[in-house]
Each structure stands twice: as structure tokens, then as C-alpha cells.
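S.K.: Got chain A sorted already, so can you dock chain B onto it with the hints?
The chain contents come next:
There are 2 protein chains.
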Amino acid sequence: MSQTQISLGAFLMGSGHHLAAWRHPLSPPGALDLGHFRRLAQTAERGLFDAIFFADNLALLGSNELAAQTTHGEVFDPLVLLASLASVTERIGLISTVSTSFNDPYLLARRFATLDHLSGGRAGWNLVTSATDQEAQNFGLEQHFEHADRYARAEEFIDVARGLWDSFADDAFLRDKPGGRYFAPEKLRTLAHHGDYYRVRGPLNQPRSPQGHPVLVQAGSSEPGKALAARTAEVVFTAQQTLEDARAFYTDLKGRLAAHGREADELKIMPGISPVIGRTQSEAEDLQAELQGLIEPQLGLALLSGMAGGLDLSQFPLDGPLPELPPSNAMKSRQALFVELARRENLTLRQLYLRAAGARGHCTLVGAPRQIADHLEAWFSAGAADGFNIMPPLLPHGLDSFVELVVPELQKRGLYRREYRGSTLREHLGLRRPERR
Amino acid sequence: MSQTQISLGAFLMGSGHHLAAWRHPLSPPGALDLGHFRRLAQTAERGLFDAIFFADNLALLGSNELAAQTTHGEVFDPLVLLASLASVTERIGLISTVSTSFNDPYLLARRFATLDHLSGGRAGWNLVTSATDQEAQNFGLEQHFEHADRYARAEEFIDVARGLWDSFADDAFLRDKPGGRYFAPEKLRTLAHHGDYYRVRGPLNQPRSPQGHPVLVQAGSSEPGKALAARTAEVVFTAQQTLEDARAFYTDLKGRLAAHGREADELKIMPGISPVIGRTQSEAEDLQAELQGLIEPQLGLALLSGMAGGLDLSQFPLDGPLPELPPSNAMKSRQALFVELARRENLTLRQLYLRAAGARGHCTLVGAPRQIADHLEAWFSAGAADGFNIMPPLLPHGLDSFVELVVPELQKRGLYRREYRGSTLREHLGLRRPERR
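Protein chains in written order, with the UniProt record's numbering: chain A, 1 to 437; chain B, 1 to 437.
Hints are all accurate, no fakes.
Identical copies carry no separate label here, and so any pair may be met within one copy or between two of them.
Here are the simulated lysine to any residue pairs, SDA-like style, with alpha carbons at most 25 Å apart:
(1) 226 <-> 432
(2) 226 <-> 381
(3) 177 <-> 305
(4) 226 <-> 336
(5) 177 <-> 296
(6) 187 <-> 29
(7) 177 <-> 56
Just so you know, these hints were derived from the structure itself, not from any lab. Given the structure is predicted, the values throughout are model-derived calculations rather than measurements.
Pulled out of the complex, with its shape left as it was, chain A reads as follows (with noise of 0.2 Å):
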């Protein structure tokens, strides 16, 4: 344990991460409202969370009938949604997603430093190679890359972004009026990357950012991704069922960074957690029912199938076993951690998706403030995290429900801070900011 106090992420979807939160009496009519984020972030905010964290999909995916019971439909660039809420907070950290395989450097690059810029060095960029052919559709392409050749492209991709955002040194731009000296020439460095996939002259015509670069965040968990995170991530976002595998991961990872030169705690992990709270333990536990109960059975064999490498499972009884699945290009991981899942706790198709249904492969905990503290401190305490990303299943409750009720809890065991002390994102999680190269 190298930090004395937990992280936190706001990992934020329009109605919230249980797959059936929009039918919920409690979930907004609409999440395409500005209004609805802005309190979002603000709630965040005041819950002096590290960052407020947006996924992304470059595609409507699945089956048209299936997307239709889903808002699945209505998915905002996560990066201008950000630039948004830029203007309504002041101190929370702004992670977008953004996938490497169908953007380009240079742009991505300057994105990032604007998001930086404006927020007074608040971005960070998950950065991910998407995973489905239906997103490669949209770009041009038939089938997605080969999962080694879309890795591939991330590790060239991040060195040109990060090569552009060093375009100018921190001390380059003089404005010096009398002079007639905007900036120092001899201070400005052109790129010229010629690598495998790309070729970027730059420079970035921006300054340096306040961070420096954004804060890098990744969430891939296969051989390659992790390869690509010991080298370049800031912070892994990933998905773990239990404290031993948690465990596992962590340490794993963090014994990777040696290689790179990097020390353990330049790089912070973060499971993803869905917590269903309530004020009491079955109070929790109603509203799980309640949202496990809006899940019609072919939406949640759906969500398996798509997890499946596109397998129907729709052909396999409900209550049987998870029948074996075909190899996939798409996220091996993920797939990887639900057949472990079912077969260790010999689930049947049903149990499985309604595991899935609430935060996709992450750990749901459905308990009182008291027992999702509890969780978290022993993860945090037995070396499986630095902090959380936090995944309300119902919004805007869930994150109302953490904010109120486990933030206090946390503070009140010297989890958790009670004020921002810094005002970056990288001072939020203990991060240096990188120096030029």
C-alpha cells in the first residue's frame, strides 16, 4: 500500500450501469440533457471525487431490436460532453474515453490539451482500442484489427500523442510584447514521427498543458494491455470479482513498471465497483430486486451473447450452464473473466447475465454504507487497489446514495479526504507531472 487514502473515480452513465436503470421510476427521462450531467459532476465534486470518468461506443451495437431496449442510442462524445462540465466545476478531474484505433494523433492530442487547457489541468484519456467490427463499420473497415495489431497501433499512437504534447517546453511561450516574442523558437521541438502506422510531422500547435500530458488511463486486462499499461498507464480502471484476484492482478502489474524504470506508485489500479446502497442492508437489497426484475431475459441473454464473441446463447436453456464459447478478436479479457465466473460458481445462463446485467463484469456490492466501506478498506488495505472507480447502478441516486452515506464513512476511518488539496487531476491522485522529453 503506497498511499494512505483511497482514490476515487464517478464512473458516470446517463441512467446508470445497471443495464435496466432507465425503466427505474427513479432514472431521468432523458440523459441527452446537459442539466442532468452538470448535477452529476457537481454531486462528484462534492463528494471530493479524483475524477468523473466517461466510457464510449462508436457504434449502436447489437441487434437494432435489442439496442431498442437499451439506451444504447444515445451516447454523447464523452470528450465535448467533458469540455461541458469544464465550465460548471472547478476542481474534479475529466477522464474521457477515447479509442486509439479510429482517431488520429494529431487531433486526439490537441483535443486532450484543450480539455487541459480549459480546465486548468484537469483531463485524463482512457485510452482504448475498441473492440467490435461493428465500430470498425464505421470507419471504413469491414472487421476490426487483429487484437495484437490494434495494441500495436495503442503503443505507437500513445508515443506520437505524447511526443506532440512536448511540442513546446513549459517555459516556451514568452508573450513578450516590447519584444515582439510570442513564444522561443529555439524551445519548440517539430516530431516527425515516420513509424509503422503513423506519420506526424507535428508540432502540436499549442502550448504545454497544464499537466503536462493528461493523465493516462487504461482499462485493458490481456497480455498486451497490460504490456501497454506497465510502459504508459497512470491509471488501470479494471474489473474484479474477488479480493484474491484483485490481489493478483495488482500485484502483477505493479511488478511489471520495474522494467520501464517506473516506481509502484506511478501507476494507480482501480476496480471498477457498482455498489447498491441502501440504508440498511435490505433496503440495498430490495432495490437490487427491484432493478434485477426490469431485465426481460432475452435483453440479458443478449448482453452474455455480445460478451460471447457473438455466440447465440438464445439456443441454450435459461437455466442451464454456459455452454463453451468460440474464440473471439473482440474483448478477450472481459470474456475471459465470465467464463471464470460461471464456471466457478456453476451459474446458469440466467444467474450469469443478471451478474453481468448490473455493471458488466465488475463487482456489484448491494449492502448499507457501512459494509460497501468495509469492501472497499479491504481491498484497499489488503494491497488489491489505490482507489475505486465507482459505478452507480441508478442515477442520479447512486451517486447521491455514495456521496451522503459511504463518503462520510470513509472519511470517518482516514480513507478518504476532506478537502481537495491540489487542483489537477494528477495532484488529486499523487502523480508527477511528466517532464518533457
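M.R.: Showing chain B alone in chain A's frame:
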């Protein structure tokens, strides 16, 4: 004259449009500050402008030594900036320049739709094709696409974007909690675009936005530029030096609409105007002289060289005429404008760069509020303009002056609104909301 009141855009750059504005004592110490832009946006909204407008360059243009004498090293991503400003304004439109040559239609369509949702229908897209090899070199190319090719790509790009914006019918989203249907799948259309340049399956994973499509703005004045505008643009931003030229351009472009089944008032023509405003004529002239005196000759020549397709003009006498220029693949229409201006008025290189430094070929007006208003009224009444894109030479001073001094003068003449009537950019401009195709 198809409308009775003038439309106004506020075209904002950090320190102002004059090349040396940043050296003036009234300019801000640095322009990468959200507070500065927030103040500008709120001033423009107080002045009841239809929209604020940001340009873009996707490279540090020109040599490093010359760029170092300008603010060109300090460019925000305009769409990210406008998303931040959406949160701190209520009614004003938000127009971002984005290049079709180096963006991807799926992501771009979603970003603009997101901005339109977040802002309650205030998004506009100034479509450009980018003009320089330096920009192309940040995107994997050695040389930019040929001029005709850029426009062929733009034609296809915009059709893809419009198709994606029309993925869902306006009434597709039911959000029917008891019935479990979030949207009606039969009101969703997959684009399946297979063109010469783009293959995009669709649909966009976002509801149709408040304006249907963001307002489509263009500025190309070349033949392919005018052809694209006649088919697709709803606002054209143009550089015109004289009433005669402006009227000819206006008549030409409006005359091309019928061939596309469009009415004359479906496209608004807004020449750029850079007003140097004083309370008196002599105060305005003093300010202009002050700004012009801040331009070093080498910088002035470099500005012209950039417009001359890269020919190094420093080898020619400063007080001699503009030499013959080689053909250029860059901004054809801008080059033609400067050649014509130099020939018509028999300008020396020095005189020409002083004319260019204020507003890069847009009309500069130096005068008291009444003179500025006279000019706008004359062009508007003569059928040379539906409105103007106001390019303050020095910020925030130039925008403050316009709002405090020129706006009341226009209102007094009945030429300008006294309050916003609508809430979307389309409503401000008097443009209909496009039907879904």
C-alpha cells in the same frame, strides 16, 4: 433583400484578428484561458449576436521564426472550446470550423450532434477543406490533396454526415419505462454508405439533435467551393473588399440555389468585416495606426508569402509592386483576392501587407460607430449581404466597442434585434429545421 434585419456573427481569435494585436497593451497576457473566452462569449450574447465563430489551423503554419511573432502556436480545438462555452451561455449560436480533409465523418457527426444536444440547438459547423501541406503532414501525407479532390471529398463527407444525423426519426425515442422500449427500432435507419472516399455503416448512436442538423457554414469562394455551398451551405462567410464585388458574389451564389431546389433565403451570406472602432473617427484612426505600427516588415511579408502559395516575397523590394505569383494548390480564392486588390489599387508590398494584417483579406473599416453602421446598412440594403461576420481586430476591446457602440446604432435604425426571439441558431438566422430524408 429577403430579411429585414441583419444577422451577426462574432468571429473570435484570442487576442483579436489583427496580426499584431497580441502586442497591444489592451490585449490579454495569454489567450489560453477559459475565463477570457467566457467573457467574450457572454459579451457577444449580451450584444445579441446570432453566433460566435472560431477558425482553426491543423499545424503551426509558416516558419517557426515567423510563427513565433504571432499567436499561431496557441490554438485551441475550437469544438472543445465551444462545448465549454455552451455551459456559460444561453442563447448564442456556437460555430466551429472543422476540416473535412483530416477528420472522420462518424466521429465528426457525433461531435456536432453532441454539441447541438448539449447547447439546446445552438451548434454550427464551418466546413473547410484545409489549404496547406504543413497541415497534411500532420496526417500522414507529404502533400495535401489537390484542390478539386479536397472538394470532392467534402461533398461526400457532408452527405455522410447528414445521413448519420438522420439515423433516427425525430420521434424515435419513446423512453417507455413500463413497455421496456427506449426507442422504436423501426424508426432507425442504417446508412450503409459506400462511396469513393468513405465507407460508413451507421447508424449514429445518438438521437436526432434539436436542430436536426447543425447549421452548415462554408467559406470557400473558389468554383468548387461555391458549388458545394450552393448545394449544402446555409451560411456563407466570405471575404469581400468592395460593395460591387460583394454584390456580385451575393447575386452569383444566390442564383445557384434554384438548381438545387433551394430558395434564396435558405442560404445567408455574411461577409467578414473587421471594424476598428473609436468614439470618433480620429480615435479609430489612432488605434489603427497603433496596431499597424506593431507589425515588423518581415512578418508582414511572411503573411503575404503564405497567401502567395509559399513564394518568398522577401527577395522583392518592400516598396515595389507585387510580383507575378506561381499557381498554387492552396487557398485559390484568397490568393486571387489579394492579387486583384494589389493590382486595382496599385499597392506596394508594404501597403499590401498592412491591408492584409488586419483581417487577412476581409474588409477593414476604421471609424466611429455611425460610420461602421452606415457601411453595414449600405451593404445589407444593396443586396450584398444578409449579415456580417464581425472580426474584432483587438480583443476584448473590439467586441466591447461593437456591442456598446455599434449595436445600439443598428437597433436605432431598426436593422437589428432588441432581444432574442428564438432559442436555436437556426431560429436566430431564420433557417428552417431540415426534415429527415
